[in-house]
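Asks: Take the two lone chains and join them into the complex the hints point to.
Here the protein sequences come in this chain order: U and G. Each residue of the first sequence is one higher than the one before, counting from 1 in our numbering. Each residue of the second sequence is one higher than the one before, counting from 1 in our numbering.
Hints should not be assumed to be uniformly reliable.
Pairs of lysine-lysine residues, derived as DSS-like cross-links and limited to a Cα-Cα distance of at most 30 Å, are as follows [stated by the list, open to error]:
1. Lys99(U) - Lys121(G)
2. Lys91(U) - Lys101(G)
3. Lys168(G) - Lys104(U)
4. Lys482(G) - Lys99(U)
5. Lys168(G) - Lys101(G)
6. Lys57(U) - Lys5(U)
7. Lys57(U) - Lys39(U)
8. Lys473(G) - Lys116(U)
9. Lys168(G) - Lys386(G)
10. Lys248(G) - Lys178(G)
11. Lys482(G) - Lys437(G)
12. Lys482(G) - Lys8(U)
13. Lys62(U) - Lys99(U)
14. Lys6(U) - Lys420(G)
15. Lys99(U) - Lys420(G)
16. Lys382(G) - Lys65(U)
17. Lys462(G) - Lys472(G)
18. Lys65(U) - Lys386(G)
19. Lys2(G) - Lys104(U)
20. Lys247(G) - Lys2(G)
These aren't lab readings, by the way, just hints derived from the structure by calculation.
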Amino acid sequence: MVIEKKSKYGGINISLEAIASVAGSAALECYGVVGLASKNTLRENIADLLKEDAYHKGVFAKKDKDDYTIELYIIVAYGVKITEIVSEVQKRVKYVLEKTFDIKFRAVNVFVQGLKTL
Amino acid sequence: MKTINGIDLKKMIISGANQLYNYYPEVDALNVFPVPDGDTGMNMNLTMSSGAKEVANRNDEDIYEIARAFSKGLLMGARGNSGVITSQIFRGFAMALEGKKVINAVEFAEAWNMGKEIAYKAVMRPVEGTILTVVREASAALLDQVNESWQVEGALDFMLKEARESLKRTPDLLPILKEVGVVDSGGAGLIRIMEGFVSALYDKVIEKNQATAFEEPREMAGASMEAEEFGYCTEFILRIGAGESEKKPFVEKRFNNVLNSHGNSIVMVRDDDIVKVHIHTLLPGNILSYAQQFGEFVTLKIENMSEQHSHLSDDNKLKDVKHSHQSLHNAADEEEKEYAIVAVAAGAGLEKMFKELRVDYIVSGGQTMNPATEDFVTAIKKIKAKHVFILPNNPNIVLAANQAVAVLGEERSVNVIPSKTIPQGLVACMMFNPEAKLEENLEEMNGALSSVQSGAITFSIKDTTIDGIAIKKDDYMALSGKKIVASNPDMYHTLDKLLTSMIDDMTSIVTIIYGEGAEAKKLDKLVKKFENKFGDVEFDVREGNQPVYAFLVGVE
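Just chain G, same shape as in the assembly (with noise of 0.2 Å):
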């Protein structure tokens, strides 16, 4: 193409977002930078969201006219550093097309410029090594080279190029992410967006993928269960103005009162074209002939909530029930305990290995999504208890976990045992003892941490050498505390080794949890190698389901 128009930048915009949705989770994993809190993959995300939604409506030719939209959208919905630094870029963007129609590759390398210079205008001591420098870079080297001839798609390629390669330099110029072996978030989400705009430019927009983590709603926050009729637990997640006829314009507000008229209990929560409801109703047929009329299901799931509650009556085996809400009622119809426990996992399998070791309330979250401390205190706020633990079981969470005590410091009792790792949170569960004395949980909890090592094997996301090991990307890896040990493609030979380096002497136990990938057949092979050559140490392997970690090791 010799020249964009503004139909090509909205749809190089909406493909952008999409990627970056796509990619966000492993974003999200990089962020060290300026404050360790995993969010800048979201931050973004949303940021471009608001941008692409206020494009998404727009057919003017006139690129301007686009881009300025874009820029606006952007502005309003900024979130976070990463996401302000954007809005800033595409405001620059913005004005250097003020005026024209359609732009050509040299104003395309110009539009680019112009955002670099007003994203670093608005700071006074620029950090390089951040989404900043990648711009600058990757905008500089493009104005260098570009000239007339240039395709605009070319000229994209082009930058996006350079871009990868400024990211790469990033850990050379701002030392934490040497430190933690990672490249820039900000700057690697930028590229998400880069990319998307050079996949739109070859007529394909990239789509989102449905499979990245679908924001879950945050249930049951405050929903009222007072004159709780007992119908149908509906829930379905809805595409807005799919299928094959026409459908009706889609009002969030006018869907919700709709929605309120006719059950209780309900959450929506709305995500661009998509949206996920829950709501407890006696007549779920007429929830969703009126849904319907927006577009099509992607899910749906009715459950017959009376028939669970007869069923409560006559066995009384509240422990039993599945639906989350009612055991959460009936939870919250609880004496007041002495103590509770709040532990932070991921996975079904830890989630239960954790409720059967008395904790009364799972975060969801680890290494790829650290919760916020607004998460624990909600968490600790539902809880009856004269003393709440927290056990934040990863190195970034134990900051948001101390936070949560801060804020909640005068009214609660709230200790965070500061649990590194899910083995250690493990350990400290095991040693929780509801009868003692705070104190003396306390002193047992914390002491307990130090008694268990901890491995764990995930893999890489990109080549890299750490301890001087060389690694691939997509190699597994084994990391013994935060020492790389071994490094291969195999998980169980992985694995292998990480055992051999850990056990000692002085083993007595050795705990296996498999997650997410791990196959039960392949381990139980390996693990009754290891028993037959440790004859004095005891092997226990769990199915934790966990992400992101194949296998996690604690060896006591």
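Looking at chain U on its own, in the form it has when it is part of the complex (with noise of 0.2 Å):
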């Protein structure tokens, strides 16, 4: 999948994967995450942390309409305030996507996949 955009020149293909990369650095970043975790976790068992090549497992962009939406699967410290780290994620996500690519993101939804004791 990817996001299509329309400059006066022509086209903009932004594929998932680049989406991806961009989106998992952000959060990363970002205090008390401690990794991204697959979204099939129940399938793959244990919520591993994921490489940075196979961070697309874990971000995914939507489309639905006109305006898009991430979701990101994430593994944070044990010992935070969860729903603050949560919502930060979700500001710096939304930021440095929309500064990165310029498209507008309706909804960044985080689903807490596990918690690491450190």
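Replies: Structure (structure tokens):
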């Protein structure tokens, strides 16, 4: 799946991998985020941390009608206030994506797949 | 002091929280990372007050008990990124004190080091040039130097000095800070906390400074006006527990229930030991004597609303009603209009200027206090109009305004006119035509933005050099667009330079809006000089009462 944009010079396609790696990096810089996790933790059994080249397994961009949403699967540190971590992730990821790609994202949905004791 | 115990730590915490409270608007103003939303100071302040509240009622001699309670309070009350990091620093700090009753300087240094360790653990890719850097460098320097012969206050003094040095270096580590010319906001907040700590160790526990932006309650959000009996609009600020005699303990919920049974339109906001109450009641005396059982009044205001109402019916001058509730109530009854404008401004004069230009609703805010998306959404929901325009009047607020559009996108027609300065906003309002079509208005208003050059005079919060101009702390600096053109300790002199640089052959109108701290007389003299020099240019001087900016200048 790609995100399509049009400028006056022609079309632009941005791949999900590109979005995922930007969103993934932005999320990882957030305080309290230990790593990205695969969406299919049930099938893959444990909430493993994703390596950099597999970020797209933990980040999804979706299009409904004219706007985009992001789904982000993360693992957070144990002993921090999770609600705040999550809302900071949403804020940061939305800000970075909108600044980087100049696309509006209607929502950044964050799923906490696990906690990690450090 | 060779060692400190729980009582000492408690004093430090309260003093630290108060010091941060006193300076949080300053910290807010520095906030550009990770998202430039200007809320770091407020978030840290709320986090710290939650921690301080937890220890306020404890009297343990054991330092561990106090540190643990503080850590718990911070964790539960953590707000925002810096708040969460602060909570982790003190979580580590508390962990290092386990089983200890008193600590000396070395143990104190080790506790800070543990705080740093724990704070760093919770982040995969730490970004340097933030609060984390400040705590890391300061605690490492202290741990390196400290020995058994040190006093605790000496150790903290040393650490504070190192932390300040480290804060100064943050722009070298995080490019965005350098670009904007600020230091890290979270780090600055941490230093305020440490300043409070130090002061408490020297037996000067810092008090809350009431002059610092006491948060105004968001009145009226949904206060029901249905069965309004006219009585007295009563407002007061109560300091709980103040005064000589013994006061009753204050239970917020019970107090609120009593208010509810005595009147309506109740707004009650509590901030630690301060309660602000707004109520419409027939018998204000009863409320006052009840409230006085818990503390003493800081301010009081009572107005007779029936009086205002009869005036109203007599003269039918709805516009002149001073009582905001009434005017708002009436506004709500009005028919749906075609257009409405929402503008962001701070200062009574500016608000008046925008109101004169048919702006329906002012969202209070500006450079140091950016309104949230939520504020726009609430404002727009209150307005009955087919199309709403938003004038953010500040580059930092454009994003929040755009988000409000995204939130309301489907239900309402909302357009952001991306005005980056107050003069741009004013010009856009002047181009607004209630009779024209939406497209025409959008085109005219957007077009107007580029027709005006904006300048401003403000003061510097630190020594710096930007665009080749050296600026000292507290000096005035002149901004033309985004560029700094002059700096001088005298605000009128700086304005002189700014005007000289902005006015050219094409200039026809110059608008000068003077803010808090500027004197009309001195300004007049300066303007006269310019009027003589530029015969063709019209000078319009207005009182804006805006904070932060001594002067705002628009050149057309």
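Asks: Checking each numbered hint in turn, tell me which of them this model violates, lowest number first.
Replies: 2, 3, 5, 8, 9, 10, 11, 19, 20
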